[in-house]
Each structure stands twice: as C-alpha cells, then as structure tokens.
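There are 2 protein chains.
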Amino acid sequence: MRFSKLVNKTLKETPKDAEVISHQLMTRAGMIRKVGSGIYVYMPLGQRVLKKIQTIVCEELDLAGAQELLMPVLQPVSLWHESGRYEKTGKELMTMTDRHNNEFILGPTHEEVITDIIKNTISSYKELPLNVYQIQTKFRDEVRPRFGLMRGREFLMKDGYSFHLNHDSLEAEYENMHQAYNRIFERLGLKFRAVEADSGNIGGSKTHEIHVLASSGEDEILYCNHCDYAANIEKAVAHMAIENESGELKASETVETPNRESIEDVANFLDITAANCAKAVACKTEKGFVLVLLRGDYEVNEIKLKNLLDVIDLEWASEEEMKSLGMEKGYIGPIGIHQDVKIILDTTLESAKNYVVGANVANAHIINVNHGRDFTPHLVADIHSAKVGDGCTRCLGGTLESARGIEVGQIFQLGTKYSESMNLTVIGEDGKPTKLTMGCYGIGVSRTMAAVIEQNNDDFGIVWPMAIAPFEVNIMAANPKDEEQVKMAESLYTQFRNIGVDTIIDDRNERIGFKLKDSDLIGIPVKIIVGKSLAEGSVEVKLRKGGDMLLAVGEVVATVKKMVDESK
Amino acid sequence: MRFSKLVNKTLKETPKDAEVISHQLMTRAGMIRKVGSGIYVYMPLGQRVLKKIQTIVCEELDLAGAQELLMPVLQPVSLWHESGRYEKTGKELMTMTDRHNNEFILGPTHEEVITDIIKNTISSYKELPLNVYQIQTKFRDEVRPRFGLMRGREFLMKDGYSFHLNHDSLEAEYENMHQAYNRIFERLGLKFRAVEADSGNIGGSKTHEIHVLASSGEDEILYCNHCDYAANIEKAVAHMAIENESGELKASETVETPNRESIEDVANFLDITAANCAKAVACKTEKGFVLVLLRGDYEVNEIKLKNLLDVIDLEWASEEEMKSLGMEKGYIGPIGIHQDVKIILDTTLESAKNYVVGANVANAHIINVNHGRDFTPHLVADIHSAKVGDGCTRCLGGTLESARGIEVGQIFQLGTKYSESMNLTVIGEDGKPTKLTMGCYGIGVSRTMAAVIEQNNDDFGIVWPMAIAPFEVNIMAANPKDEEQVKMAESLYTQFRNIGVDTIIDDRNERIGFKLKDSDLIGIPVKIIVGKSLAEGSVEVKLRKGGDMLLAVGEVVATVKKMVDESK
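First to last, the sequence lines map onto chains A and B.
Residues are numbered in my numbering as their position in the first sequence, beginning at 1, plus a constant of 7.
Residues are numbered in my numbering as their position in the second sequence, beginning at 1, plus a constant of 7.
In isolation and in its complexed conformation, chain A is listed as follows (with noise of 0.2 angstroms):
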C-alpha cells in the first residue's frame, strides 16, 4: 500500500465525545468514524485490523475443532417466544417488522436459531459433542452508548454455541475453549483475566469473562490476594468483617436525628460505626415493592437482587409511592410498613443485632433494632456487592483487591435452558431420547480492537502488537526529493512485500517528521528511513515500542523480516 494512496484522514484534535483513549486513538488515526450514536465505520486501516483480529480467532477455533458458520442478522420472533427470552429481554432488543407484519430480531445472539438449526441437523448421540460459532454483525439498543467500539449498538461479535450428551462433555468443552481464548487473547499481545461472572440474559450456570485489565474499563473486578479467586462485582461473594455478633437483644426506642438522612450522618450523631445501622432501600420492579436492608457501609448489588427476584425492571421507589406505602424517605425502615412490600435482608445483617433503621416518620430512627423480634424479614440472601478488604471465601485467607476490566469474552455453561424451552433431544446411546446440555462462547470482536488499544498506547498514538498491526512495517526516504533515497525506499518495499511483509510506504510529499508522527499515531510497529546514512549504506529502523538502529542496506530485509515473524 502507498500512503498516499490510503483512503485515511489523521487528525491532530481530540474528537470532543470520545471519553477513553482508544476511542480518541481510533478517531485521530482514522480507524473508525461515527455514522450515528454507538455505530461506526471501520476505515481501511480498522479494517486492516479488523480482519487481523478474525483470522486470529478463526484459527484458534477452527484448531480448537469448532467449525465456523454464518447465521442471520434477522432472527423470527416465534423462535424468541419459544425459548421464552423474549418477553425477558428489555429495550435492548432491536427488532423491525417486515412488510407482511412479522416481526424479526436484529439479534444480539443467537441460541435460538442455533438450537433450532442443530435440531434439525442432527439425531444420534453418535453427532455430539459438537461446537459452532460465528463471527457477525450484532445489534444492542443500549440507553447511552459510549466510548466508541466499546459500547456500541451495532458490533462485530464472535459467538459459539457447543452441545453436549451430558455434563462432563460439556465441562471438558468449557475447558477447551477456555484454552483457546488464552491462545487467542496471548496472540493478541493482551493482559487479560478470566474471571466469575453473571450469567444475564443468556442464562445457564457456571459463566467466566475474560477481561483485560485496564483502567478505562467499564467493569469492576474483585480478585483474591492470596489464591486465584477473580469476579466481577456484579457476582463478587466475600466475608465481610463481621461487627455486632454477640451481645444480648437490647429494648428499641425511637430517637430523634434532626436533618440526619444518611447513613454517615446518622452515624456520626449517634456516635456509631456505619456498620451498626441498617440501609434500607425501597425499589420498585414489575412484580411489585421490596424493601432491601444492608449493613450501612455495603451497597445494594442491583444484579444480584435481579436474579434473586427474577425480575426484569429494577428502580428506586419514589418519594410518592414511599409514602403511600407508610416509609418516610431519608428515614426509612423496616417496622410498620405496608405488607405488600416484601422485605429482604442482606447477609450482612444476617447476624447483626441490635441496629439502627429508620423511624418511618421524618428527623426519626429507632435503635436497638432486631430482625425477627421487631420485624420479619421475608427473604435473607446475599445482595450486596462485596468490597476491597473483604475476606476471600474461596481460600478463607486472602482478601479481596480491586482492579478494572474490559471485558472481551465470556463463556457459558448454559445447561439445559434452550434444549428444554425448544425441546432438542437426540437418541441417546440406551435408544431414548436425551435432551441436550449446551454451552456458549462469545469474544467482542469489534470490542477488543478497543481494548487492545487501551492497553498498548502512550503520548504518541497506538501500539499495536505485531500482529494485528494494520502494517508491520512503514518505509519511507527522509527527503521525497533525494532520488537515491527514494529508489532506495522504493526498492526496500518491493522486497519486503515480495516475502509477505505486509509493508506500507509513505511516499506523500511531506517533511519526515510528520509523516514519523503520522506513523506513531496509526501504531505501525516497525519505521524504516531511508536518510542521509544511505551513503555509508545503511537504512534507519525504528521500533514503535522503542529502540533504534542503523541496519545496511543488504541486512534490513532480513534482519526486520525476522524480527516481525517473532513478535507475532
């Protein structure tokens, strides 16, 4: 490729809405540009990259033994009603309605069509285990996408889908694909950890993420510092330092907190820890009004009550519909409230006694509160979200740090939840019909273009790794107008693209020094200029991760081919 000849613009501004680096690094380097909010078009050079990425993944999958298919974008919503997701999935979910009024999915995955599609391709036990996958454009109606690919409405996404005879097949499936996304995500020069997460909307049991650790990612994780314990918060479980365990049921009594609405200040006023008093938090969901107690200093882990509930829709309750349901905001508790509101109360008051909550009436709390004496909780069960210094409940003697994720892939366990709601069976070895045990991968294709960045960047541009760079390496003459120079370029980029270097020459008639800064931003791992030093018969190479050094003309192509093959 000639550079001027590239179908690219760099820019020297920060695009004012691009929040995270990569999103900044892409827009300035040309990669990508904003069609509409959350979708882009990949320019050549992200296609480049792109394509590098998928092949990468292609490989290790198709090694791994799964084979690549391709699915439709439009998906039939009676497939949906099926498996009962429809009505579980909000406003995420992009559908269209064609001109005879049946409505599609623009889908986000595809267990569905693939449970459907396997249903009608296979029946003996003798076809399992089996394992698909995809790489396609995906649709997500997210409420505020942001931070260019990594959170878009419209993404490029691999996913798989792995069926199995029983459990243990699809435990050693789980395990295989574990290990092809190490391969996948070491290749593609990142830091990355799989860690314990929630399941959501695709459902099933056992789920890891892989997450690349950095500090613009979106997700936070909660990792032992003792044993290999990782989870993203939304699923973190911990001991937390218990306070308030022992001692005798003392008498309640209301007492006056003047202006005292948070937990902080009705601590201080009081002259206790945060720990000894009891948040309360009304919410409202489609199912009705739950009023969830926590110890003050954690918080409401808002997925886990989802799943706790099984509901889809989870807000804070307002200051109306408190009242007509007998809580006082800024002063809520659990005595004396509207029976419809179920309450439930976290694992950190599990053993707690004699707490603080509020009075239900304004400027009140009452003290030396006692679940089961004073009130009845209707539910205990963990909805907190677990905190640094936490204990680990895995080796009982770590505890818990924190770090942000990008998360670029997750895979699943799904179980039995689409082979039974769209009842797939095969004829199993003893002639009966055994229902089937599936399993999902997905990678963020378009997402870990992204993150790659995030983690291979510094005040110059990108630094892409070797090999998903969209050039290895870029050649230019130091003065366009030097003729001995140019030939010399000219020269070295045929030979390098002659054995498969896949070779940029920037060959615009510019100053070195902006075509060098153009070459920084865009990431390109390798620079070879063809300067002054041409006269002792030598090139110059720089390396974009650092390092510099005069080769002779006779050795640059070697020398530089070797160096590309080992850093990919």
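It is worth saying that the hints were derived from the structure and are not from the lab.
Please note that a few of the clues may not be correct.
Identical chains blur together in the list; that is why a pair holds if it fits in one copy or across any two.
With a straight-line cut-off of 25 angstroms between C-alpha atoms, the simulated SDA-like cross-links for lysine to any residue are [to be verified]:
#: 1; residue 1: Lys98; residue 2: Thr354
#: 2; residue 1: Lys439; residue 2: Leu135
#: 3; residue 1: Lys349; residue 2: Phe382
#: 4; residue 1: Lys133; residue 2: Lys524
#: 5; residue 1: Lys575; residue 2: Gly507
#: 6; residue 1: Lys133; residue 2: Asp304
#: 7; residue 1: Lys58; residue 2: Gly507
#: 8; residue 1: Lys12; residue 2: Lys442
#: 9; residue 1: Lys58; residue 2: Ala474
#: 10; residue 1: Lys59; residue 2: Gly72
Since chain A is already given, all that's left is putting chain B on it; use the hints.
This is chain B only, laid out in the frame that chain A set:
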C-alpha cells in the same frame, strides 16, 4: 476435517419449496438451512464456499487498487432524506426504530453512508481518484423471496464506490472494475456476460450487469446475433420490423367487435394482424393516470415506463377507475377519455397509420385511427420491451436473440447524483470547490454461490470448481474395517494437509457407495479411495468432473497436488 465430526446432514429428498437446482442441491448437501422466508443459515460446508468466494473477490479488488472498509448495517434515515432516496424507495426498504424513536434503514446499499464518510475524509483533488469496497450483509424486503440464495431478504453483497474529479477518471475506473469483475468471475469458473441494464433505484447513467447464463435465470437478456450488443430486457432497445408506415390516412370508423376484448381476438375478427392494432394499457401512478398505446404485438416495459414518468408506484387501473375516466375495459382507446389521463404513444406506433383502437364503449373498436388527427399524445417514447427477432440498433445488421441470466454483479456510473444532493466537493487544482463524480460496483456474493451451482451440477449433485469447493480432496478407505486401508487413508490425509491441500477424510463407518454419493452430492472435486488395489501399491483417484485413475501410493500426493493447483 473429519467427516465424522462435520456438522452436516445430507438429504435424499428434494425440499418441497426448492424450485431451482441450486436451492435443491444446497439444501440436500447441507450447505444452507432456512430460518425464515428468504433468510438462511450458511452451515459449515456452505460457509467454507462463501469464504473462498469472498477471498477471491477481495484479492482481485485489492489488486485492482480498491481498499476494503466496513460500513454499518444501520443507516440513519436522515442520510436517505438528504439524498432524496428515502421517498423514492418502496417497501423493499427494511427499517427499524430505536428506543429513542430514531428511524434507521437496514442497508440495502451504502451510497449515502460512503458519500457522507468521504465528504469528511478527503478535501483535495490530490486524494482522488479513490475506490473503496466492503463485503457485508444486506437487506431487501422482497415481495416474494424465492429460489434460495438467488432472491433472499438477507444476503451477502460486495459493494464498492469510487470517487473522481471528472468523467474520464470515472470511465477509466469503470473499465478497471469491469476487468476486475472479469477476473473474479473467471476464477469462480463461471460462464458470464456483461449486459446493458437499467440503473434502477441506485441512479446514474451508464450501467452494466454481469449475468451468469443459466436457464433458471430470473432475467431475460437480449443479445445481437451479429455484434456484441447485449442488454437486459428491461433496458434493451431494438428496431422493429416496420409495418403500415406508408399510405394515405383513411377515414376512421367505429365498428362492432362483439366480445372481442384481446388484441388477438380483435385482429382475427377484423382479419388484420396484431401489428395493425394499438394495444392500450391504462395505468395508475402516484402522479396520476396514464394511457399507454403501443403496437399490438409488443408488451409494455414497466421499467422504461416508470423511468419515463419518474414514478415509484405503477399499477394497472381498475375497471372502476377506467370507467370514471371514460374508458371501457377490453375496449380501451385514446379517443374521448378524460383530459387528466396522460396519453403516451410508444415508438412502435410512432410512424404507424390507420390502426385499430378500442372505442371506449363495450363491443366496439374504431378502425383507421391516426394520432395527430384523431387524438394527440402527450409524449412519444420507447416504453415497450424489445423482443426476439427485432433488429439490433447497434450494428443495424443483426437480430436479437434471447437468453436467461442470473445477475451476479452490476457496475454503475453514478455521476453526480449523490455528490450533488449531499454536496460532496473537494478543492480542485484551480483552488475552487469541485463536485465529485461517482461510480459504484456490486457483486452478489451469496447469489454467486447459487449461480455457480446453476452452471455446475449433474444428476449426482454439485460439481464445484476447484477454487471454491468446500474441500478439494476427499479421502476414504473402501473398507473401514480394513486396518491397512484405514492406516493408508490416514497417512494420505496427513500428507495432503501438510502441503496445504484442503482435505477431508471420510472416516465414517459407512459403506463406500454411501460415502461416494455424499461426496458427489456435496461436489468435492477429487475423491481418493484406498481399496483393494492398495495390495499392489496403488489407490484410486476419481474426479468429480469425470475421469478415474489408479495412482501409485508414492505418487498420488504430488500428482493430485499438481492437479489441484492447476485447476485453481
């Protein structure tokens, strides 16, 4: 790949809804599975072919200097308002509305998006010409999806766009793309022909369609038996044999034609030829009613008529509508009708005299009618379909013959249609804003897969050209219980894979006849059977296109490898 692991199911029965051979064979071979009307899954075997086609398309386009990018499926409707195409496109356009009530188009083509992107990417004449393309899933809400991948609602397409400072540059790139298309379709092993065509909804002036010649083709192509003129019937022009052009104007006269409504009946009854009658067709459009008059032995060409009138909707007027406008069904004519009906005289009648028209009363026609004297047409234009036997307008010597074609590609000279409506300019060499000129270039990737089968099949199944066969070689032991045979088959499988031949081994515990049938249905070019002749140190090689040979075990790998390479 091992056949025992391949996620596939071949079928003996031809699926009921499959009308054409490609649909039948792709379904029977397990290459595609239907998900909904006009919506398919490409199963692993189909996906392998699809990817090979895509690779060839990309290689040739890259070589021709085009650059790949990837645009989104979702296109903001505002861009289509800007170009003015939203209003001009009918119900084929699929749209969706997001959670914020913004409307998006599911892209059928991408002229608007690319024009907008290029507007924001280049600014100077120095950056031109340029040519970009993508391979992407496209959407079109066909009234009647049919013929499998030939006319689907979701399909894979390559669409490319070029931008130029002037028409000469566009002409040169148009020719460059034409040549690239020739190379692509040659590599795909197709017999094809470029024909003149209508530019349809895309717009622009000059356009050619690339047609694969096949009896199942949806399009009729007229071509000259003397020169290289060839055109889609929707566009074809011709000289017709002229009748009635001399002679005096006779006095017109109303005659009774009881129950003679068709041209044929009227001509027989009056003992004249159809060419002496004027066929009158009343149409309704969004701009009002028109009456088309053409020679009785020709048919109205709806596309020519729509283009002439610049309308989107065109349908025959109903009996009631005709009545209200002074026309009588079966006896329609141009005389005495409501003045709001626009009369269009086709060129077939331009020099005609003394012809017969309906009298606009039941059971009567008027003979010896002459335009200019008895009625005045609003327009005279070519709105008939040329037909076999008409004279060629290019060479004036030959006559037109007919063939069926499958349109697999189309190249357009768009001119300034989009750059004008969307205001795409660059600074020209003279320092002033210059409006750009565009070309656009499409290939129906998934349709091409079907077209290849339409041309390459026999009673046993598909006969893939080597370049895009799902596998190049299929190896099997004649007797899967014979250890020596199995060992040699496995050894050959490894040897072939090691030298990069795309090989499958049929390791299923099935009879050899069954395996050979599957192989031929799927269309694998080379079968290698390790059978009894192994005792004499040879194996059997059977070519799908015909030809059997015994090859020594020590030679078979090199010989077949050479055969494979030479036929790609």
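Q) Between the shortest in-copy and the shortest cross-copy C-alpha distance, which are at most 25 angstroms for Lys133 and Lys524: within, between, both, or neither? A) Cα proximity of Lys133 and Lys524: across copies only (21 angstroms, versus 59 angstroms in one copy).
Q | Within, between, both or neither: Lys12, Lys442 at alpha-carbon 25 angstroms | A | Between copies, since 20 angstroms is at most 25 angstroms while 57 angstroms is not.
Q | Status of Ala474 relative to Lys58 across identical chains (alpha carbons, at most 25 angstroms) | A | both (11 angstroms within a copy, 21 angstroms between copies)
(Q) With identical chains, the pair Lys439 and Leu135 could be close in the same copy or across copies; at 25 angstroms between alpha carbons, which is it: within, between, both, or neither? (A) within (15 angstroms within a copy, 67 angstroms between copies)
**Q.** Intra- versus inter-subunit Cα pairing at 25 angstroms for Lys133 with Asp304
**A.** neither (55 angstroms within a copy, 64 angstroms between copies)
Q. Between the shortest in-copy and the shortest cross-copy C-alpha distance, which are at most 25 angstroms for Lys575 and Gly507: within, between, both, or neither?
A. both (13 angstroms within a copy, 21 angstroms between copies)
Q. Given identical chains, is Lys58 near Gly507, meaning Cα to Cα at most 25 angstroms, within a copy, between copies, both, or neither?
A. both (17 angstroms within a copy, 21 angstroms between copies)
(Q) Please sort Lys59 with Gly72 into within, between, both or neither, judging by C-alpha distance up to 25 angstroms. (A) Result: close both inside a copy and across copies, 20 angstroms intra and 20 angstroms inter.
(Q) Within a copy, between copies, both or neither: which one fits Lys349 and Phe382 at a CA-CA cutoff of 25 angstroms? (A) within (12 angstroms within a copy, 85 angstroms between copies)
**Q.** Homo-oligomer pair classification [Thr354, Lys98; C-alpha up to 25 angstroms]
**A.** neither (32 angstroms within a copy, 57 angstroms between copies)
In this structure, the hints that do not hold are numbers 1 and 6, in rising order.
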